[in-house]
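Undergrad: Spelled out, the chains give:
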Amino acid sequence: MKKFVDWFSHGLIRYRYGFLVLCVVISGFFTFQVRNLSFKTNLGDFYPLKHPYLKVQNRLTEIFGGLNQVSIAVEVKKGTVLNFRTLEKVWRITNELYLTEGINAGRLVSLSARKVKHVEANAEGFTTDWLMHDPPKTEEGLEELKERILRNPLVYGLLVSKDFRATLIQADFESGISSREIFTLLEGIKKQYEDKDHAIYISGQPVLQGWLDFYLPAITKLFILTLLAMSWALYNAFKSKRGVILPLISAAMATLWGLGLTAFFGFKLTPSTVLAPFLVFALGVSHSVQFIKLYYEHMSRYERNSKTVAIKTTRSLFIPAFTGLLTDGIGPFTLFFVPLGMVRSLAIAIGFGIISIFFSTVVLVPNLLSFMKPPRRLEVIKEERTTLTNRMLGYFAKLAIHKKSRWVVIISFFVLTFIALFGMSQLQVGDKNPGSSLLFPGSPYNKAEKFISDKFGTAEPYYIFIEGRHQDTFLSSRALKEIDSLQRYLEREVKGVGRTLSLVEYIKSMNMIMFAGDAREFRIPDNDKTIAEYLFLYSLTGFPGDFDPVVNPNYEYANIKVDLRDHKADTMQEAIQKTQEWIARYHKDKTIDFQYAGGNVGMLAATNQILAPMLTVNSLQTSFLVFLCLVLAYGSLVSGWLLIIPLVFRTLLVFGILGFLRVGLTAEMIPMVALGIGFGDDFGIYIVSRIKEILKEGGGSLKDALGEAMSTSGKAVFFTGLTLTIGIATWMFSSILMQVRLGALLGFFIFFNAIGTLLVLPSMLMTVKPKFLRQ
Amino acid sequence: MKKLCLVVLGIAMLAGYARASDPEYFKVYKPKTGMSADEIMKIEYFVKYTKFAHDASFYGKAYFIDKSGSVRERETTRLRITLGRKSDDIAYKDLVMFTAPAQVKGLATLTWTYMNPKRQQDSWLWIPSLKKIRKISTANADDSFMGTDFTIEDILTRRFEDETYTLLREDNFKGYFSDFTKKTYYQDAPCFVIEAKPKRSPWYYSKRILWVDKATGGGIYEEMYDPNGKLFKTLFKKFQVYNVNAKEYPAQELLEGKDVRTGHRTVITNEDIRFDIGIAEDQFTEQKLMQSRW
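Protein chains in written order, with the numbering used here: chain A, 398 to 1172; chain B, 539 to 832.
What the hints contain is simulated information worked out from the structure, not anything from laboratory work. Computed from a predicted structure; not experimentally measured. Glycine included, every Cβ here is placed at the ideal spot set by N, Cα and C.
Covered stretches of chain B (chain A as the covering partner; in silico rule of three or more C-beta atoms under 8 Å from a C-beta of chain A):
1) 597-610
2) 635-647
3) 653-666
4) 682-689
5) 763-776
6) 798-806
Computed from the model, here is a short list of chain A residues facing chain B with C-beta under 10 Å:
7) Gly499
8) Asn501
9) Ala502
10) Ala518
11) Asn519
12) His530
13) Asp531
14) Asp869
15) Phe912
16) Ser936
17) Thr938
18) Pro950
Pulled out of the complex, with its shape left as it was, chain A reads as follows (with noise of 0.2 Å):
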């Protein structure tokens, strides 16, 4: 290995202006790539697409359809919807969707749709109309418009809010429309249709998309206040021009070629794989740090001569930095076996970026620093000029010589640990906030899909999927009076649950229109056959694809959509398991079954299902695997361990912070905990390595090595978890929640992290004195 590596080094720099052509030309290609990446978030990398509940989502959708679906509410400030400008807007607004290319037009649903009917039944008969076919014109038809819409218990609260202060349009659109031409129709009619007397509302997952979809480039701009940040932060170590320049330009490559990889493999940048660049420059910076720091120390020690330096510098850092990113390429790898889109693809984002800072940090580096003039010897000095991170770390070397204040910091350090046990009992998983987690409350998004909530009680759909065992199995009165009593004991039993509605509130309408309006007769009639006419004289009334989404049109598939007041955890899996119990014990035909969770319901149900014991499993991986490398690196099992259980105490410690903050678990964590874990102990082997370094070449006692080691490799350290930390933290200003709070989270790890090693390794090496420092 030793003989591989001289042979390297020296060829990197004999045949230096190769390597660097072949740098360019890469780089070249690469730059070419980057030209077709494009932004796009697609929904379902938020969701394990492979769970049950998501493959009963996929089901409805191919069925029942309703995956485009979008909401617009219409809000005067002043008196009430009934009057003529606003009517004649919601009017307007539905004619123009009927207009509008791709529009499923069966299932508009506003106060002017067509298959919003007005029925009125007497001792005769009954008759059917439009619920507005055209705006009134008159006080009179204002009046009337009123009473039709107080009456009917599918319009009033639902269509049109209580308070008569706003009204719901409701569209859906084929499959075939990407959601940005939807995102820009919806507010083109906002903008046409808002004036100082109406607010207009829209939201649903297209809409979601499109704002997403319209926040994500403006990340990029983040990118420029990362590169400040960094400058900024590499100044502080260097005190040079080229201790600032050579990270950036080495951790540029790499960032290049990881987007070109990323896109040359035909991947897009979504919200999270838009993330891999920040880690990957800040990566690239800190690895290329280790080399500048070396390289000044060694031009003060060593003949000053750029060429010599360079090899000598690759010789020492080869294997390092090739465990280095060995380690830092273990939580992007335990994260590609993550069910969740969103986290895959970060990941391998991540490993592209991580493949490419090898060879930007060793092949580049070493290649640049060799062209360059030796650095005059001012500049050396200011380099290893004391600073305050040298008193402090000094400060925290000299509380592990000390016998009494070690112990002081391993107690506490545990003491901290165990209350933290406690915290992380306080960690409920997932997230309690109304609207998408993924934009911030505030957002523009959000505000929508509340004031739709609030005004029309719409909430959060849980869908149960109906399957029969042949075509017209729903016209029994058998399977509808199961379907009937699950939802009257889901309505009963779970106290988040507002409103279900299913085939049979149509079946129950029909027969009480039937029998001259007599409430008593809202029920499900006995005999199959007047099912089955209800259901044909239903089918007459609207166009073909006009049928209501809750039965298929030979009768083969229904569902039941239950309103959930929220999405806490505890209410999707009281719903769910009210579900399951109610099937075990009541359900008795055979020729139905239940598949239960379908919505948003589901897709959050799956999520958080996923979530707890993934959390788990992917920690347990990421730590084995870097326990693994330690004692392998090491040769002793004793150097895992103690490099492994504070990485441990630590990420407990930072979820037991997060329990105290109430945060809820939502999927960033698995990515910030294997990246933390992957990426943190690369702190400890730097420290570690050092100290080993300097008993092997002078002998001398633990203390002074140590001290030694912290005042060169610890400043490296610092350095290189503030410029992560500073790399992941300017996440926090994106638009886009999902990204501030894995921002947040992961920068706050990571620096947690190196500051814990900082702190607390010392004090564990002086009181252990381990005997593998020494081998």
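Add chain B to chain A, keeping to what the hints say.
TA: Chain B only, in chain A's frame:
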């Protein structure tokens, strides 16, 4: 004064001419070159509502074909008596009985249509499993006709008075290929091409371009355009001429409606068509509806 007299006379003559040209019940008319758009359209409506025949009976099948090609079927037996009776204003009475799918066999509707174009139809529904008759309201003109791609007015209620007409040209029809029967119909058939615009505005369509077959007066093909001027629906009708008592009755044998936006199609075939077989008017009463003999 002289001028005024001439104008008044002219209007009176025109009015008289229009009245005189209204097709009379139980006669057969064919459009001829030289006729105005209005005259051609009056014949077209006359043929559409089979006003030439005293009565008719036929067996209809409807196929609902969605974009993916999946087909649903339903079957009906229909009876019509044409009265054109000024005394009680009744134009014709229809009885539609559903014979398939099996679960709904026996469901039936009875509809009375009046001479006065402003008077709403009366309809009754027979629900066999409940043994009940319910009086039902007529749907809006722009609602679906029995769940098909056609609107109520496409099939039942649109009248000559609802639109204004322009004769665009006389042309040979390019032919219509039916995906359902896999046949091409009316290739090079001489037609009048008429543009019909609804008087009602805004309305779900802005115009229809209609091909009226010179041989029968039947509207064989039409394109419907939405308020943005975009084609959204096509309708095709294939007429078959029946010789009844030495008169030529054109009857609709095949109807095909295609929604351009959704790709959904409705095909209606009429079989076993019989005219002037002496159906009695008392067949078209609530009592008869309840007997549900089919």
